[in-house]
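There are 4 protein chains.
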Amino acid sequence: MSIVLGPNQYGKAEVRLVRVDRDTPRHRITDLSITSQLRGDFRATHESGDNTGVIATDTQKNTMYAFARDGVGSPETFLLRLARHFLAEPQVTGGRWRAEQYGWERIGPGADGGAAGGGADAAGHDHSFVRGAAERRTALVHADDAGLTVLAGLRDVTVLKSTGSEFSGFPRDRYTTLPETDDRVLATDVTAWWRYAPSFADAAGPADFDERFAAVRALLLTTFAELHSLALQQTAFAMGRAVLEAFGDIAEIRLSCPNNHHFLVDLEPFGLDNPGEVFFAADRPYGLIEAAVQRSEGGPDNPEHPVWSTIGGFV
Amino acid sequence: MSIVLGPNQYGKAEVRLVRVDRDTPRHRITDLSITSQLRGDFRATHESGDNTGVIATDTQKNTMYAFARDGVGSPETFLLRLARHFLAEPQVTGGRWRAEQYGWERIGPGADGGAAGGGADAAGHDHSFVRGAAERRTALVHADDAGLTVLAGLRDVTVLKSTGSEFSGFPRDRYTTLPETDDRVLATDVTAWWRYAPSFADAAGPADFDERFAAVRALLLTTFAELHSLALQQTAFAMGRAVLEAFGDIAEIRLSCPNNHHFLVDLEPFGLDNPGEVFFAADRPYGLIEAAVQRSEGGPDNPEHPVWSTIGGFV
Amino acid sequence: MSIVLGPNQYGKAEVRLVRVDRDTPRHRITDLSITSQLRGDFRATHESGDNTGVIATDTQKNTMYAFARDGVGSPETFLLRLARHFLAEPQVTGGRWRAEQYGWERIGPGADGGAAGGGADAAGHDHSFVRGAAERRTALVHADDAGLTVLAGLRDVTVLKSTGSEFSGFPRDRYTTLPETDDRVLATDVTAWWRYAPSFADAAGPADFDERFAAVRALLLTTFAELHSLALQQTAFAMGRAVLEAFGDIAEIRLSCPNNHHFLVDLEPFGLDNPGEVFFAADRPYGLIEAAVQRSEGGPDNPEHPVWSTIGGFV
Amino acid sequence: MSIVLGPNQYGKAEVRLVRVDRDTPRHRITDLSITSQLRGDFRATHESGDNTGVIATDTQKNTMYAFARDGVGSPETFLLRLARHFLAEPQVTGGRWRAEQYGWERIGPGADGGAAGGGADAAGHDHSFVRGAAERRTALVHADDAGLTVLAGLRDVTVLKSTGSEFSGFPRDRYTTLPETDDRVLATDVTAWWRYAPSFADAAGPADFDERFAAVRALLLTTFAELHSLALQQTAFAMGRAVLEAFGDIAEIRLSCPNNHHFLVDLEPFGLDNPGEVFFAADRPYGLIEAAVQRSEGGPDNPEHPVWSTIGGFV
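Protein chains in written order, with my numbering: chain A, 1 to 315; chain B, 1 to 315; chain C, 1 to 315; chain D, 1 to 315.
Please note that the accuracy of each hint is not assured.
Each pair of labels, with its calculated beta carbon distance range [said to hold, decoys possible]: (1) E304/D / A246/C: 30 to 40 angstroms; (2) R172/B / L87/A: 39 to 49 angstroms; (3) A282/B / Q91/D: 43 to 53 angstroms; (4) S168/B / E268/C: 22 to 32 angstroms; (5) T52/B / G248/D: 25 to 35 angstroms; (6) D145/A / T177/C: 51 to 61 angstroms.
Stretch by stretch, here's where chain D covers chain A in the computed footprint (C-beta under 8 angstroms, at least three residues) [said to hold, decoys possible]: (7) 43-55; (8) 270-284.
Hint data in this document are derived by calculation from the structure and do not stem from the laboratory. Only a predicted model underlies this, so the values are computations on that prediction, with no experimental measurement involved. For glycine and all other residues, C-beta sits at the position ideal for the given N, C-alpha and C.
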């Protein structure tokens with residue numbers, strides 16, 4: 001028995017790339033943080049510091065900037081281009097390319113600038129923008145022997161229902177003190193990843209990926225808003241199911257939803273009632289609900305798609 | 001000579017208060033982080049741990065929650081109510097109450113939920129919301145022997161111009177390497193505080209403060225968007241001047257604007273030009289431009305209003 | 001084909017638990033952030049909001065605090081106790097319990113308080129402490145049908161070599177501009193997880209886990225310090241190998257090491273040389289080196305231990 | 001009446017400078033984040049974008065790096081050198097230079113590396129280091145018409161007493177629910193700034209500033225540890241007084257101390273007592289205690305030193 005190198009990957013992380021499309025006076029900006037990680041035959045550098053095959057992480061960064069000269073398109077198509085470029089090197093047998101996109105809106109002609117919306121790309125200033133919500137759009141391309149897999153997602157879409165949420169019927173043991181409730185605030189920061197079926201991923205262009213992202217995001221929000229919730233688990237599953245029902249070429253979706261507790265403040269000591277109006281929003285601890293929604297042929301009895309083991313990285 | 005207590009203040013910081021107005025099925029939410037700090041005769045606790053006069057910070061927190069039972073109104077009016085309450089105690093001779101407000105938008109009926117806007121409060125879901133931009137609205141009430149002063153502001157309004165910004169004509173010394181440019185990306189996170197004249201602060205109700213905030217925010221954004229910028233200093237000053245010109249009852253305004261550098265990437269090594277299209281967005285270091293805009297009677301030759309020395313706290 | 005629930009887990013995250021051991025006047029403190037996540041038969045709550053089997057996340061939190069009344073021991077033993085408790089419920093078939101521990105040192109009798117060390121637990125104040133380095137000790141217990149697995153680790157151990165690091169011999173393509181160097185600053189924030197063989201995990205008590213943690217940490221640091229580095233990959237692999245060589249009951253170890261770039265500042269424009277003395281420490285982007293070190297019987301050709309797919313969670 | 005420019009300053013913020021002293025094989029590293037801000041006659045750039053007098057923030061950054069070629073010395077002496085350099089320009093009439101220093105310790109020869117200490121600079125590796133506590137040392141030089149003022153300080157020195165702290169005797173009103181306690185956990189993150197008398201600041205060299213910093217830090221910690229606390233206000237004041245008593249050439253000191261609440265968990269529902277052993281460490285809200293300690297000739301009836309109004313910046 002000896003000590004050997006196991007799975008490994010390396011690359012450049014969080015490359016901040018801002019692309020200005022300025023072919024007309026009406027500029028467009030694409031604001032990304034991109035991470036490139038390569039897998040393959042890199043034993044020599046680990047075992048002896050022989051870097052013969054190590055495409056420098058600096059080179060990976062340069063490649064992103066050089067490719068951006070041709071335009072970014074959608075995050076998914078840009079990552080696919082990077083993936084194919086690096087996979088052309090013989091020592092590279094796989095990898096993982098990931099992007100987070102920050103949203104910008106045109107500063108509007110009306111009184112409320114960007115944050116209150118307008119949003120309509122038809123209006124607003126030609127080359128002045130205001131940052132939108134803290135949420136980010138995400139994309140990931142994973143490559144292994146089986147080929148390329150494309151994920152899309154979003155992070156930290158913070159949503160809240162001020163009613164229409166219950167939580168009751170749970171078991172009570174020696175350590176249970178939580179009262180049942182038929183009306184609570186439900187709040188979470190939705191993070192989701194969905195995996196495109198190859199039929200979609202192979203054929204889609206930038207506009208397809210953009211449009212699909214917007215449609216999935218809207219569906220997630222609408223489902224959160226409209227479902228009367230008996231548990232955050234129910235809400236999360238319903239959000240995922242709605243996406244799979246609407247889009248046959250999305251193979252599966254995973255959601256991670258912290259339960260951002262809003263505790264009703266006890267105002268009785270002050271001689272006041274509190275009919276669901278005054279809340280303390282806690283930071284920690286928080287509930288954490290995580291679930292995959294799948295199609296039955298890829299369900300619990302089937303092996304997990306390998307892309308998921310790489311989502312969290314090694315740590 | 002002896003060692004004595006100098007200026008001091010104490011209180012409860014970052015109380016997270018969420019108020020749901022639910023008198024009709026169309027809920028409204030107000031999401032605040034509030035800090036209360038009292039000044040006055042607190043020598044005994046400092047010198048000997050005698051807490052006879054020390055209104056517990058826990059009590060300050062409770063007071064916020066109890067008052068919220070009556071509704072919050074605008075952040076400014078809520079802070080004024082807190083200030084007047086605590087100033088009624090004889091040992092309290094001054095203080096500082098501050099709020100940050102997080103924005104929420106109704107989840108929309110259309111495809112783009114909240115982040116892309118709609119915003120129009122007329123549309124959207126009755127009790128389901130999505131968090132808006134990362135920026136926060138701020139408010140501060142300061143009390144001293146001279147009375148109450150009201151500031152309003154905003155934080156981290158991130159804006160960017162993809163053209164319409166130059167920087168040249170600066171002096172060149174031994175340590176100057178920066179090239180002059182007649183076209184650069186200009187990006188900043190606007191933080192601003194403006195001081196209301198007593199004439200406004202004393203008479204305004206919640207709707208007045210809300211409306212004024214929205215109008216100032218829009219004017220700051222519009223000015224940023226429309227000015228052809230020769231320096232971030234010029235832009236910041238113009239933004240402040242526009243506000244003072246538009247609103248005679250705003251006494252002065254201060255702006256703090258980091259220069260979020262976007263460096264044009266040198267693509268020449270790759271045989272490519274880069275006509276203002278591919279940028280590296282740097283985190284640190286950043287420029288930092290800070291300026292007060294005042295009316296001439298309160299200008300450089302006049303003493304600074306005491307509220308400003310408390311803005312940054314002691315540290 | 002239908003839409004079904006895939007892998008899922010839920011629980012309470014980042015429960016901040018501080019335990020003071022005060023059986024003698026010489027107190028000891030254990031400062032933890034703990035996350036408990038359960039897996040099992042939770043289809044009903046996802047599909048219909050039936051919470052009959054859902055042990056409330058609030059109950060999971062309460063259980064931690066109640067168990068802490070008996071003492072915490074080491075993070076690993078505390079998590080094992082939690083795991084066994086929840087696994088006794090029939091609907092719970094697996095789970096994941098994780099802790100981060102913050103370090104505290106006694107405020108010392110000497111001039112340099114705690115941060116400069118002393119550290120020796122024999123010295124220092126009985127009940128006054130100062131927070132140590134930003135790094136955290138971590139532990140994780142994973143349960144599935146195959147039983148319990150114990151990982152230990154550390155996060156954000158920031159280390160730097162001011163010489164003794166090279167990087168050269170890497171391939172040069174169209175996008176390569178990085179010069180080779182035979183003397184650079186090498187800096188990283190080490191995050192590592194190692195998996196204990198069942199032989200150790202099943203028999204170890206709190207003192208064994210504590211002692212082993214300290215020994216692994218020291219070995220990682222010493223190896224980083226002493227190896228003349230030709231690549232961060234080589235350093236990371238050597239650190240892991242040293243651990244496996246020293247401890248036969250550690251089955252494998254994974255390291256994630258950002259390359260915190262320190263760029264030599266070009267002082268030539270100012271008429272100065274820079275013989276490895278003045279550096280700009282960059283925030284982003286950074287290199288990212290990740291590797292598993294294994295024993296040959298668990299090597300690349302063998303299936304991955306299932307614990308690793310849960311390390312990053314779903315997202 | 002017209003609209004005019006009020007107080008203003010500009011510069012480069014958070015320049016990350018790492019200096020390696022390598023004249024012998026036993027290297028030393030100085031790790032700083034430096035901010036330079038100039039004040040003076042900068043009306044033209046604000047009013048019309050005329051940058052004739054604007055020393056570019058990029059030039060300010062370059063100057064730091066160039067000066068570092070000669071060595072850094074202590075943060076205070078380095079900032080003084082920067083201040084004097086920029087003040088030599090006629091349009092610069094004042095400014096503010098600030099540094100934060102990160103601590104590093106040599107990786108030790110023993111089993112416990114750096115975090116557990118050793119610390120002794122006599123031991124440990126020649127050129128391999130581990131980052132120390134999260135706390136930072138700070139320094140600030142302020143220049144105005146009255147000359148140069150030097151502050152030194154520290155940030156986020158997190159300390160905790162597991163006993164020896166009470167809080168009682170405070171007034172009870174309608175909104176008071178906090179019980180009195182004669183034994184609680186007291187925890188805070190100490191931030192302090194002290195102002196050196198010109199007699200010290202003008203004569204001190206790097207070693208003097210370093211030694212003084214270490215002595216003040218130790219005294220703050222020791223006082224926190226040894227005082228039986230009746231209120232955090234009492235503790236903070238005692239810490240400051242101890243410094244002024246020990247060092248006649250420190251003119252005044254300001255402390256900002258959040259009260260990091262540790263709430264005793266109620267275990268009664270689980271049939272358990274909790275004799276000061278199991279705590280929930282809360283994030284927000286927190287108490288916030290801020291106080292200046294002064295000498296009587298500079299006490300409450302005397303005007304505040306102008307440096308303090310610049311500590312928090314404009315916002």
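Tested hints:
1. Between E304/D and A246/C the CB atoms are about 59 angstroms apart, so this pair departs from the stated range of 30 to 40 angstroms.
2. In this structure the supplied range 39 to 49 angstroms holds for R172/B paired with L87/A, their Cβ-Cβ distance being about 47 angstroms.
3. Distance hint check: the CB atoms of A282/B and Q91/D are about 27 angstroms apart, inconsistent with the given range 43 to 53 angstroms.
4. Range check, S168/B to E268/C: about 24 angstroms between beta-carbon atoms, so the 22 to 32 angstroms window is met.
5. For the pair T52/B and G248/D, the beta carbons lie near 33 angstroms from each other, so the given range of 25 to 35 angstroms is met.
6. D145/A and T177/C have their C-beta atoms about 32 angstroms apart, which leaves the hinted 51 to 61 angstroms range violated.
7. For a cut-off of 8 angstroms, the count of residues in the stretch 43-55 of chain A with a CB near a CB of chain D stands at 0, and the three-residue condition is violated.
8. Interface restraint, the stretch 270-284 of chain A with chain D: holds (4 residues with C-beta to C-beta distance below 8 angstroms; minimum three).
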